[in-house]
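2 protein chains.
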Amino acid sequence: MQTMLKQRVPTTVGKQAQALPRVAPKIGRARNTVVAQAAPATAKVAKPAISRDLVDKCINAIRFLAIDAVNKSKSGHPGMPMGCAPMGYVLWNEVMKYNPKDPYWFNRDRFVLSAGHGSMFQYAMLHLTGYDSVPLEQVKQFRQWDSLTPGHPENFVTPGVEVTTGPLGQGICNAVGLALAEAHLAARFNKPDVKPIVDHYTYCILGDGCMMEGISNEACSLAGHWGLGKLIALYDDNKISIDGHTDISFTEDVAKRYEALGWHVIHVINGNTDIDGLRAAIAQAKAVKDKPTLIKVSTLIGYGSPNKADTHDVHGAPLGPEETAATRKNLGWEYPEFEVPQDVYDVFRAAVKRGDEAENEWKQACEEYKAKYPKEWAEFEALTSCNLPANWAEALPTFKPEDKQLATRQHSQTMINALAPVLPGLVGGSADLAPSNLTLMKISGDFQKGSYAERNVRFGVREHAMGAICNGIALHRSGLIPYCATFYIFTDYMRNAMRMSALSEAGVIYVMTHDSIGLGEDGPTHQPVEHLASFRAMPNMMMMRPAGGNETAGAYKVAVENRKRPTTIALSRQNMPNLPGTSVEGVAKGAYIIRDSEGHPDVILMGTGSELQLCTEAADILEKEGKKVRVVSFPCWELFDEQSAEYKESVLPKAIEARVSVEAGSSFGWAKYIGLKGKHIGIDDFGASAPAPILYEKYGITTPKVVEAAKAVMA
Amino acid sequence: MQTMLKQRVPTTVGKQAQALPRVAPKIGRARNTVVAQAAPATAKVAKPAISRDLVDKCINAIRFLAIDAVNKSKSGHPGMPMGCAPMGYVLWNEVMKYNPKDPYWFNRDRFVLSAGHGSMFQYAMLHLTGYDSVPLEQVKQFRQWDSLTPGHPENFVTPGVEVTTGPLGQGICNAVGLALAEAHLAARFNKPDVKPIVDHYTYCILGDGCMMEGISNEACSLAGHWGLGKLIALYDDNKISIDGHTDISFTEDVAKRYEALGWHVIHVINGNTDIDGLRAAIAQAKAVKDKPTLIKVSTLIGYGSPNKADTHDVHGAPLGPEETAATRKNLGWEYPEFEVPQDVYDVFRAAVKRGDEAENEWKQACEEYKAKYPKEWAEFEALTSCNLPANWAEALPTFKPEDKQLATRQHSQTMINALAPVLPGLVGGSADLAPSNLTLMKISGDFQKGSYAERNVRFGVREHAMGAICNGIALHRSGLIPYCATFYIFTDYMRNAMRMSALSEAGVIYVMTHDSIGLGEDGPTHQPVEHLASFRAMPNMMMMRPAGGNETAGAYKVAVENRKRPTTIALSRQNMPNLPGTSVEGVAKGAYIIRDSEGHPDVILMGTGSELQLCTEAADILEKEGKKVRVVSFPCWELFDEQSAEYKESVLPKAIEARVSVEAGSSFGWAKYIGLKGKHIGIDDFGASAPAPILYEKYGITTPKVVEAAKAVMA
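From first to last, the protein sequence lines stand for chains A and B.
Each number in our numbering comes from the position in the first sequence (counting from 1) with 1319 added on.
Each number in our numbering comes from the position in the second sequence (counting from 1) with 1319 added on.
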């Protein structure tokens, strides 16, 4: 089959991209001019001593970069950047702590544009404040092939972008994850008698769309429960969504809802021009330490556009030449397309020196910390290096056939608890199924308000937010390894978050138990059937279904090693044997021979997870009848597909067309390995409510059926 | 491939199940004894004149049926029924209007157990009130193969169960859909001068789990916005979920949140014994006509169990013999396992006569209505018969090759607007993408508070609730045909609701536009790649991807015809030709030849949607080079797989192994049709942000690549 793989921009591009053209000539002057006026590096909200006219000019510069870029690309969303430009000015010029020349500086404030369609807002800010990733050329390449300025913010493309947003609601949940990571690391490492080495805020701008999505309510309920005081969300309350005014579908009292969720809520009534109001709100937000803050900022979408502001027209389409001209006139913007006045650069580019100073202050604090707490510093450095500890994988136990039969969810529990002591970055938990998913780390307590240093996270029944929060934890880039768990069927509740893991290179480990009709009596609403196929089809997601203890160990080894690729591990409710031949090494190849005949096999039986044993049992029977049988364990399709052609041929020789696959799930996709002549033993309909052994019998997922199918394909 | 299809219990089983054993002998007496004391058929909350002791006995009967059934099956959730039994008593014996002997009586109150794991609660109520579907034998068969009492409530198994719940949060959204359907039909048909013919409440019990799920916030925000006054939700506030006390993850103020969502909120502080409090709350709820009501009922999970109440132990595991004995003693329940005292039956079975009377009253009202409004009655009867109008499909236009090239989303708009006048049951809308999905019915206004008779529904950015609400509309069984729309990628937000459509036989039409990288600049967060595969793998879901106008018409024809099977229609953003040979009839077969060679073809090119044209263009080129080419359009795999072996062989003869599939999506699954030797032209990685034509070029989804692949497979 022919497939196309787009080369990904490496995530380190910011550091490597020195060759990119910059708006360089005047930066030096800008640094010297503006720095004195800038907010101090400790990022307290202080009104800088620049004139209001210049502030407005800076704000309009954001607006017109967005307008011009969207016009040029003939595609995009100018309305949000135009409305949110004042927030951008205050956050980037007065509030946030970041270093444009070191986008991944550990202690930076994190910013998340949950309303990701307004990406030009973020690119404008990155450009204006001097990030190498967004020179003016890249602004002009907005939404074009291979640009660093794609349609929605993508962390794997653009240094300075923390997470990938666009699907509404994901970003605010990522922000909760980022804030969780900060709270956790701060509690683990900061000491009362030295300056904190973990100390940053997480800011997020979200819009009406994010607010309507259920996922945001889930994550914000948790953020309120956890009391994440350093999470500050600015709600762009512009009352316009794609269908028109939010009156038609969204009339709830958002502020009251957030109060109910345990948030501190502030309203800035005029987000269009009340800069002092924004400043004061952020200062108040910072003053409340035990609750996250929602700042409801009422704005006009497309502020400044005389004919399109406050309408859907300005949401997702270019202003066009006429309205752009009218807007220029209306806002008194006398500069041509893509021109940023020098005094504006002078203001914003002060961020470069400010960032450098802030990072140096932090480095100084680290030195003091290191001197006083050398052991803790070593731990901190090792963790935040994002390198795995040496020999960590040796902690994973292996099993012999005579070892006790267990469910792979039990083996998973063993692995999590084997890894917890050797992987200090392992954090995670379940969506209210810890006793079933078996995901608690016994060496740790619960991450809760007052115990942020603990590593077991209680997500409640909030699968979608759980996934997106874990993406935030992973993309905090501090060495944390997030895992999360629920019944496999409920991946249906969190699928977009899982896709965002795969897309945004967040190495989340999805621990998904009760992986088939083997779940039994709970019935078809709880029995995954098509889910293995659905994740095998998802790019960059490794879908694992281990058989027994060794393969569960192997699945965790792969999952932990892959820090830029998520892994979903499907685990059984029911017991299964530790089959001879299964191995950690085998899992790494995706599929491998666990039992073979002498000479050319008559038939290949391949299976996964709890059904692999049916293949070996069938092999016993067939061999007694004189057949030569190869049994292939197939825990991970993606890894097998990535092996060499030679290896693949050695496992599944083209010449052997008699093939049977066995898996208590959909046949969908297996044709790729069994061909048009093969047979699949599985289930292509929904399951039913009954004890698991009855279901296997009724659906014909049994050893005699495997034998029968093998004979049929050999005939 | 071998697959297993479980025979489904027909949904009419209630009427056919006369042969099922009943607890019959004493029903007659029960009717006579209790009816006089029962609530009037108009279902006002009236305190019946039975002693409090007998009330408690009735309530305990519910508890012990649940305890005994869960014990017997060694699996299930006794805690919820034990805590909610008082609500069950009040709702079924005093409040709700229903006819056990006609479970599908149109004007019944709808009840939804959103906390579906407590299914024994519902089965206990159905048994006690005399539904034929749940005789005592079925209670004893709880969670067993082929029983009518599966682990979670399944509408397609058990008459009396309205919707399928279990995945938390789905039920409350279904309830919103049921209430929407009632409000809509009431506004359309009721007349001020005759008794209403559409007049029922929707009741729902939901728990902490449902409350935590984001989907419930989405749907309840809409219910508040719409002011669905006849929706009454009872929140079983027992503060226990699987991980333990809700303190660990769920400390928000739910009542305040619901007030913020526009609900009327009441708190019953002691839901365990305060029967009058429950009665009063429901009466208050009914008195508020312009808002849905949430009754927060604080209960003890497992009420009555001396050692397990108020703990997680009683949530999802049998009480076991010892604790059951202790509970019997504690509650003074002197009856053996599964025995229901006659006086309890006497009370509950009064529902049979009451229901009969209520239905007769309604029939009387219908007669009056019919006499006064014969035209409207005819419309009402035609609609609620759930039969499609004669010749409706003739409204679907067809297209010739010379007709204008359009995007299939535009053709979809044409179809929706062609069908709107001939299908009076068509209702639906988009999750805030109406101008992009093109889903507005021009003959109708918006369904809003004050305009419930309108048919365009504005869901806001709430995909998951949208799907689940549509399931509720479909399962109202009143002839409404719900459709809903978003970008195809956002099926990831609503996947479980879509699966529930497929499982629960809700014929929802999912109108999913922007179906590939053809979406262009919005980039990979918005470009579906693996989604076609993921839905083709889902049982009972028809996944359509039409090419041009005729196939879009064909897709709608299939979708509308299938009232017990959902259809997802993937539609393009971009234009495509109306290819010769494409037809409505072809779509019904799933795959069909649109162009053929004379004699045995050298190669088969198969494509879908916007890529079918690449197949025909490649065929032009290959034919010029003397090759014989067959082009197969493949809009629906499920339908093709259901054709006869002869037909399938006629389209894809086994002898022709040179096959190429073309689709701007994952190769996953295509091996089933192209075999191990075929090639797929598509994309197995995420897309990127750029104009669509550039993306097609970069990913190699072009006519020259199809030609190249065809030559390779012919070689």
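Hint data in this document are derived by calculation from the structure and do not stem from the laboratory.
Accuracy of the hints is not assured; some may be wrong.
Since the list gives no way to pick out one identical chain from another, each pair is judged satisfied if it fits inside one copy or across any two copies.
[What the hints assert, rightly or not] Computed cross-link-like contacts, BS3-like style, restricted to lysine-lysine with a CA-CA straight-line distance of at most 27 angstroms:
| no. | residue 1 | residue 2 |
| --- | --- | --- |
| 1 | K1943 | K1761 |
| 2 | K1761 | K1558 |
| 3 | K1973 | K1723 |
| 4 | K1991 | K1967 |
| 5 | K2017 | K1459 |
| 6 | K1996 | K1876 |
| 7 | K1719 | K2017 |
Since the structure is predicted, the reported quantities are computational estimates derived from the model, not experimental observations.
How the hints compare with the structure:
Taking the shortest Cα distances, K1943 and K1761 never come within 27 angstroms of each other, neither inside one copy (47 angstroms) nor across copies (71 angstroms). For the identical chains of this complex, K1761 and K1558 are inter-copy neighbours only, at 25 angstroms across copies versus 47 angstroms inside a copy, given an alpha-carbon limit of 27 angstroms. In this assembly of identical chains, K1973 and K1723 lie within 27 angstroms of each other by CA distance neither inside one copy nor across copies; the values are 37 angstroms within and 47 angstroms between. Taking the closest pair of Cα atoms, K1991 and K1967 come within 27 angstroms of each other both inside a single copy (13 angstroms) and across two copies (19 angstroms).
Taking identical chains as interchangeable, the C-alpha atoms of K2017 and K1459 lie at most 27 angstroms apart only when they sit on different chains, with a minimum of 21 angstroms there against 62 angstroms within one chain. With identical chains, the CA atoms of K1996 and K1876 are never at most 27 angstroms apart, being 35 angstroms at best within one copy and 34 angstroms at best between copies. With identical chains, the CA atoms of K1719 and K2017 are never at most 27 angstroms apart, being 31 angstroms at best within one copy and 50 angstroms at best between copies.
When each numbered hint is compared with the structure, violations occur for hints 1, 3, 6 and 7.
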